[in-house]
Amino acid sequence: MPIVGGSDGGLFTCAADLITLWRAVLSEKIISKEMCEKFFAPHSDDGDMGLGVYRWEEDGKVNLYYTVGGDFGVDFFSAYLPQNEMIVSALGNTEVNTFPLLKEIVKAFA
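According to the working numbering, the sequence shown is numbered sequentially starting from 1045.
Some hints could be false.
Said to hold, decoys possible - Derived lysine to any residue pairs resembling SDA-like cross-links, with alpha carbons at most 25 Å apart: (1) K1077 with K1105; (2) K1073 with M1093; (3) K1147 with D1092; (4) K1073 with E1102; (5) K1077 with G1104; (6) K1082 with G1136; (7) K1147 with L1062; (8) K1073 with D1089.
As the list claims (entries may be wrong) - Derived Cβ-Cβ restraints for the label pairs, each shown as a range: (9) K1077 with K1147: 27 to 33 Å; (10) K1105 with T1138: 32 to 38 Å; (11) L1145 with D1089: 34 to 40 Å; (12) T1138 with E1081: 18 to 24 Å; (13) S1076 with E1129: 31 to 37 Å; (14) E1129 with D1103: 27 to 33 Å; (15) D1103 with N1137: 33 to 39 Å; (16) S1071 with V1140: 22 to 28 Å.
It should be emphasised that the hints constitute simulated quantities derived from the structure, not laboratory data.
C-beta: ideal position from N, C-alpha, C; glycine also.
Work out the full structure: start from the sequences and follow the hints.
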């Protein structure tokens, strides 16, 4: 893992930072309403990607927007569930995949 942040890691954050970022995006503090709509709109052939976020869609409705990542010794996801206006994040200090937890959150709340 690089000492200085780069495209392959080295970023330091916490769950509270991720919540702050989601809230800033959703409240139009850092991007306009129009840009937010473009950010979440489908931009891939299968509709699973917005601009930097994944889209989890079932039965024609988006259940959540999320981002995931990891490197040796770290793993995370952060998601916004629009139906509940809920933001959830999980950060781990192993490379064990946090994605199964995200799936369970979708089952329980989406």
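To see whether the hints hold, each was checked on the structure:
With a CA separation close to 20 Å, the supplied pair K1077 and K1105 stays within the 25 Å bound. A threshold of 25 Å between alpha carbons decides the hint, and for K1073 with M1093 the separation of about 23 Å falls inside it, so the pair holds. Annotation: proposed proximity of K1147 to D1092 holds, straight-line Cα distance about 15 Å (limit 25 Å). Restraint check: the Cα-Cα separation between K1073 and E1102 comes to about 29 Å, which exceeds 25 Å; the hinted pair is violated.
With a C-alpha separation of about 22 Å, the suggested pairing of K1077 with G1104 holds against the 25 Å cut-off. Proximity of K1082 to G1136 is assessed by CA-CA distance (about 30 Å); at most 25 Å being required, the pair is judged violated. Restraint check: the Cα-Cα separation between K1147 and L1062 comes to about 19 Å, which is no more than 25 Å; the hinted pair holds. Simply put, K1073 and D1089 have alpha-carbon atoms about 30 Å apart, too far for the 25 Å limit, and the pair is violated.
Checked against the hint of 27 to 33 Å, the pair K1077 and K1147 passes, with Cβ atoms roughly 30 Å apart. Remark: the range hint 32 to 38 Å for K1105 to T1138 is upheld by a beta-carbon distance near 33 Å. Here the CB-CB span from L1145 to D1089 is close to 28 Å, at odds with the stated 34 to 40 Å. About 36 Å separates the C-beta atoms of T1138 and E1081, a value inconsistent with the hinted range of 18 to 24 Å.
Between S1076 and E1129, the C-beta spacing of about 20 Å breaks the proposed range 31 to 37 Å. In this structure the hint that E1129 and D1103 lie 27 to 33 Å apart at CB is violated, the actual value being about 20 Å. Checked against the hint of 33 to 39 Å, the C-beta distance between D1103 and N1137 comes to roughly 36 Å, which is consistent with it. Here the CB-CB span from S1071 to V1140 is close to 33 Å, at odds with the stated 22 to 28 Å.
Comparing the model with each numbered hint stated earlier shows that hints 4, 6, 8, 11, 12, 13, 14 and 16 do not hold.
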